[in-house]
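> Protein chains in written order, with the numbering used here: chain G, 407 to 571; chain C, 7 to 149.
No lab work stands behind these hints, which were simulated from the structure alone. One or more of the hints may lead you astray.
Rough simulated footprint, nothing fancy, chain G against chain C, three-plus residues with beta-carbon under 8 Å [what the hints assert, rightly or not]:
hint, segment
1, 19-33
2, 65-79
3, 95-103
A few chain C residues that don't get close to chain G, going by computed Cβ distances all over 12 Å [claimed, not checked]:
hint, residue
4, K8
5, K50
6, L82
7, R132
Built from N, CA and C at the ideal position, the CB exists for glycine as well.
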Amino acid sequence: MGTTFCCVNIEVSDWISIAGIFINSALAIWIVKKIQNRLTNKRVLKDHFIAEIKEIRDEYRCFLNDLYASKKTASVIIPWFKLMNIKTNDVLELINVKYEIDKTILSPYQNNLRELITENKDFIENYNKNCPIVFSEISKTQIIKFQQDNNHLFNEIIVKINDEN
Amino acid sequence: MKIISVLSDFSEYPGLRHCAFSENSGEEFYHSVLNNAFKEAYEKNAKLSVNLDNTAGYASSFLDEAFGNLVFDFTLKNVQEKVIIISNQEPHWKEMIEQQTYQQWEQRRIKGQNPRVTKEHSEWFRLVNNIMVSKVWEQPFVV
Chain G
407 MGTTFCCVNI EVSDWISIAG IFINSALAIW IVKKIQNRLT NKRVLKDHFI
457 AEIKEIRDEY RCFLNDLYAS KKTASVIIPW FKLMNIKTND VLELINVKYE
507 IDKTILSPYQ NNLRELITEN KDFIENYNKN CPIVFSEISK TQIIKFQQDN
557 NHLFNEIIVK INDEN
Chain C
7 MKIISVLSDF SEYPGLRHCA FSENSGEEFY HSVLNNAFKE AYEKNAKLSV
57 NLDNTAGYAS SFLDEAFGNL VFDFTLKNVQ EKVIIISNQE PHWKEMIEQQ
107 TYQQWEQRRI KGQNPRVTKE HSEWFRLVNN IMVSKVWEQP FVV
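Same shape as in the complex, but just chain C (with noise of 0.2 Å):
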């Protein structure tokens, strides 16, 4: 199993949805952290456990675009089967990210409806037809 953790892995405090308004934000953290870890739990055929404790907290729009750019990438059978989430301290993030985030983004997956990006990433991974696909998806939407 490979083991991530926002707060060793990222940062104690977590900032908004998107890179244009805070530091530290969920498209930053998908970017730099959960898009490659999972693409090496997939390789691996291993489960990938994400842990939300100890950080100083989150908005729903940080784990939102997070989670939901992993499901739009990797697709919501794959992030079921693969992902476990850890969220001892506030339960209430892991039953919103597997309920509501996961569907939502999934709708989105299928509808074609692509996430926004807002600053310039390297390439990331995106399952096309069941292989993984390594390039930059999107360009910064100006905000």
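Bound-form chain G, shown alone (with noise of 0.2 Å):
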């Protein structure tokens, strides 16, 4: 019953095998294919969201230097903060959906910061005379201890990002 191709007689058994091991293969680069793309999309999609958090991040540093630095005045100070709550709130809200990390976890910087800045005496002494906001030796101090503290708080969540499957 077998068929005889280039001298070798060959059963239907082994057209069976033959097919079979050609159809395993295919699946298998299918399977494998598969697998990359989701992983790079993945690997794509953390990138872009450490991106994010990474570019916050260097918003709050470059903001706070330039509070040492005098630079700004009260009337951009509470509008900053409040586009930086809503872009913050954005990222974190999508990062929650995707990997379960907490939304609040920025809090300290939405929040307490501001708080920390605007109930300040030398922001509130300042505040009319919209010139640049000299902060006291005192208040500095209170800023730099507030990063100090809460600075681990980006790379906490880029290590949640990474480590999320």
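Assembly of the complex is requested from the two constituent chains, each provided in isolation within its own frame, with the hints serving as guidance.
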């Protein structure tokens, strides 16, 4: 019942085996490609969110540096906090849905830092003057301490995103 | 329902807590807008919706002073029943007002720790034994 192929007699069962090999190979290639694509997609998304978190961190750093250097007036500080909060909320909302990371994790930066600045004596006394606010050494120390206590939060988010399967 | 918005009924640029330190303060907002709006809603047995969105942003002290005075003058129970705070852009504010400001100012009210005013205001409303009374309740505190 077999066929002759290059002087070799191939039985039906052999054809079935050969077909099986081809099908299995094709399936394996398809699965590997599919998984690869999925992993690549996951990685791309993770990199994107990590970049967003780094950008937020850099904006806070830059803002605080400007505060130390007395480059900010009261009239720009409150609107800046609002815009940053909206931006940060958007990113954290997505990260929460995708990786189940607590969306209030940056609350110290979003709320406590704003309170620290807007309740600050130098800020209040210079609010109406519309000139750059010069923070006292005591105020600067408070702001530096805030940064020291909370800077790790950005890295925590990055590690959590990275560790997610 | 009575609806007010900080942007259209007060200012795009809300200030700090007291009139003595900033224009468009929480104290000013309370005395020029919020107190009267609540009184009208209360008398009509209607809700009062206060929209915080679309301004340039807030200092927490502005909101604390405005909504705190509301609790002081009209009691926590009435304020919780009547006031609906809209803060879609910064949901944190609604949370802060409802969970911290309301409670702290109700304690102040119970203990009789009167609010400070830093400029002279015309008469405003306060509930006294469930009767709406209008008068100048506080004199300016010298800062």
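> All hints, please: hold or fail.
To see whether the hints hold, each was checked on the structure:
no. : hint   : result
1   : 19-33  : holds (count 6)
2   : 65-79  : holds (count 3)
3   : 95-103 : holds (count 5)
4   : K8     : 26 Å, holds
5   : K50    : 33 Å, holds
6   : L82    : 23 Å, holds
7   : R132   : 27 Å, holds
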